[in-house]
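Taken in sequence, the protein lines are chains A and B.
For the first sequence, numbering that gives the first Met the number 0 assigns the number 0 to the initial residue and increments by one for each residue that follows.
For the second sequence, numbering that gives the first Met the number 0 assigns the number 0 to the initial residue and increments by one for each residue that follows.
It is worth saying that the hints were derived from the structure and are not from the lab.
Beta carbons: idealized from backbone N, C-alpha and C, even for Gly.
Be aware that one or more of the hints could be misleading.
Across the chosen pairs, the derived CB separations fall in these ranges [as the list claims (entries may be wrong)]:
{"#": "1", "chain 1": "B", "residue 1": "Met144", "chain 2": "A", "residue 2": "Phe186", "range": "31 to 39 Å"}
{"#": "2", "chain 1": "A", "residue 1": "Lys41", "chain 2": "B", "residue 2": "Thr178", "range": "54 to 62 Å"}
{"#": "3", "chain 1": "A", "residue 1": "Lys115", "chain 2": "B", "residue 2": "Leu169", "range": "36 to 44 Å"}
{"#": "4", "chain 1": "A", "residue 1": "Lys115", "chain 2": "B", "residue 2": "Ser143", "range": "56 to 64 Å"}
{"#": "5", "chain 1": "A", "residue 1": "Gly230", "chain 2": "B", "residue 2": "Ser143", "range": "28 to 36 Å"}
{"#": "6", "chain 1": "B", "residue 1": "Ser22", "chain 2": "A", "residue 2": "Lys41", "range": "54 to 62 Å"}
{"#": "7", "chain 1": "B", "residue 1": "Ser143", "chain 2": "A", "residue 2": "Thr176", "range": "39 to 47 Å"}
{"#": "8", "chain 1": "A", "residue 1": "Thr178", "chain 2": "B", "residue 2": "Ser143", "range": "25 to 33 Å"}
{"#": "9", "chain 1": "B", "residue 1": "Asp283", "chain 2": "A", "residue 2": "Val40", "range": "51 to 59 Å"}
{"#": "10", "chain 1": "B", "residue 1": "Ser143", "chain 2": "A", "residue 2": "Val155", "range": "42 to 50 Å"}
Number of protein chains: 2
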Amino acid sequence: MVKLTYLGEFGLIERLSRLCPCSNAVIKGIGDDTAVLRSPVKKQLLLTTDMLVENVHFTRKTKGFLIGRKALACNISDIAAMGGIPKSAVVSLGISGREDSRFVDEVYRGIGALAKEFKVDIVGGDTVKTHQLIINIALTGEASMRDIVYRSGAKVGDKIFVTGELGNSLKSGHHLTFTPRLAESQFLVKKYPPHSMIDISDGLIADLGHILKQSKVGACLYEDQIPLRKGARVADAFKDGEDFELLFTLPPDKASLLRRQKKFNMTEIGEIVPAAQGYFLMDDNGRKESLNTSTGYQHF
Amino acid sequence: MVKLTYLGEFGLIERLSRLCPCSNAVIKGIGDDTAVLRSPVKKQLLLTTDMLVENVHFTRKTKGFLIGRKALACNISDIAAMGGIPKSAVVSLGISGREDSRFVDEVYRGIGALAKEFKVDIVGGDTVKTHQLIINIALTGEASMRDIVYRSGAKVGDKIFVTGELGNSLKSGHHLTFTPRLAESQFLVKKYPPHSMIDISDGLIADLGHILKQSKVGACLYEDQIPLRKGARVADAFKDGEDFELLFTLPPDKASLLRRQKKFNMTEIGEIVPAAQGYFLMDDNGRKESLNTSTGYQHF
């Protein structure tokens, strides 16, 4: 076992860079003061970041491979929710220095495997000594202006859709193994451009709440239409979070076309209503229950 | 005192975004899944990241303003060392949740003040609960291909220069208050393009070592020429680190021109020699002492 203490910071970065070969979009990757990347041509640049922390997003028992994989997957999910294509990532790793270097290699192997699958280049990083295991990834992406989908574009009458299933992501392990919905996002922006889109990280209620707030509209959710992951109740879908599914709204004509596609698992779960009608859940019998965004998962 | 526990994650990000107004290079800043930025035109994209951790890079007693300032300053220093101009940053903050919200505001004010000074847009971020205070910033930059300076371009016969003074950065507080050498970097790339450049974060010996290794050359340092910060000995300049000065090499003809400029404090401290001659220090009497890169600061 090579301990990190003996390997040193420079050795670690060099070693990890070998796990992640880069595309020709990268002029200079790991090993200089910054990465040098080809600029997107006729596209906008997207930028996002996520920090994962031991005992919040994973535990000491979580496999290193899955920790690394999740750290990148969350960021790809954000780029997908914007209608973009992920490109280049920088990785900051905070470790105690007492870890077996194979564990750290596994973290990078997890990043590298997903990076390869989604054609993301790992172009730089930082390693620091911390008490908890911490991994921060910042990811760039590209999108044509016409493909970008904001949270703020929902219109009254839009139908609300979600990919996959919701709830019970933490207990079921879905939060560690999910595939970011990039294929679904590209399918949507090219064929059925959504008015608004977000990925579900804080739970359906809180994340739909972001769309409603920024779009200045209300929503009605159909209780019996919400697709539930195995072992999940509606309340779990509402507030568990970490589903990393896409939540989006479409005008009625596009929605009726989308309902007929069979390529991806996408479910209509409600509709956008005027802000004055509020944010509510409707059951099978037409009974309404008011919802509020604080039902979602809060980190503090 | 508003405690973060009551403010919540969404409130925190919203509140902080108000401290950092953005330029028109930002199509969408904080508040969506990712930032949307105008792509550089006819320039390359630079990307870097740095993670600062309590009790490694600062302590609980360090003022929040200076912690935030340093987190951004380190990243700007990396962009400067590449010959680029900093553009957009995303900020991840790990806090215990027990902090006075004014402290966290101060961290962002420190980031915001330096961002304003260097025309950097704060375009997104993440907040997470951690034991230690942790701040990670990822920063983009732009540079024309002809302005980019790598670590790998040093040639035998090049003169070695450094900006400012070295050593004693931690005790003197310089590491918290330094101004990233962006003006110096732009002056150099436009008027005296260096063959190689790096910023000194791990100490002169280790960082010059990176240039030597990547350029496959050796170096002779002049012991009595090394500019020392107040209270620093040569040994401190060699290994203290966190100076955030630019270290660069120039061909002899450009070097003799640079020596005569009075605009910036830049000192010639040695020259590049063939790799076979090694890496050594020469004193006033011509006595040589061998140097090795492991003399630099190691994080593990």
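Verification of the supplied hints:
no., hint, in the structure
1, B:Met144 with A:Phe186: 31 to 39 Å, "36 Å, holds"
2, A:Lys41 with B:Thr178: 54 to 62 Å, "37 Å, violated"
3, A:Lys115 with B:Leu169: 36 to 44 Å, "40 Å, holds"
4, A:Lys115 with B:Ser143: 56 to 64 Å, "31 Å, violated"
5, A:Gly230 with B:Ser143: 28 to 36 Å, "56 Å, violated"
6, B:Ser22 with A:Lys41: 54 to 62 Å, "21 Å, violated"
7, B:Ser143 with A:Thr176: 39 to 47 Å, "43 Å, holds"
8, A:Thr178 with B:Ser143: 25 to 33 Å, "39 Å, violated"
9, B:Asp283 with A:Val40: 51 to 59 Å, "56 Å, holds"
10, B:Ser143 with A:Val155: 42 to 50 Å, "48 Å, holds"
When the structure is compared with the earlier hints, violations turn up for hints 2, 4, 5, 6, 8 and for no others.
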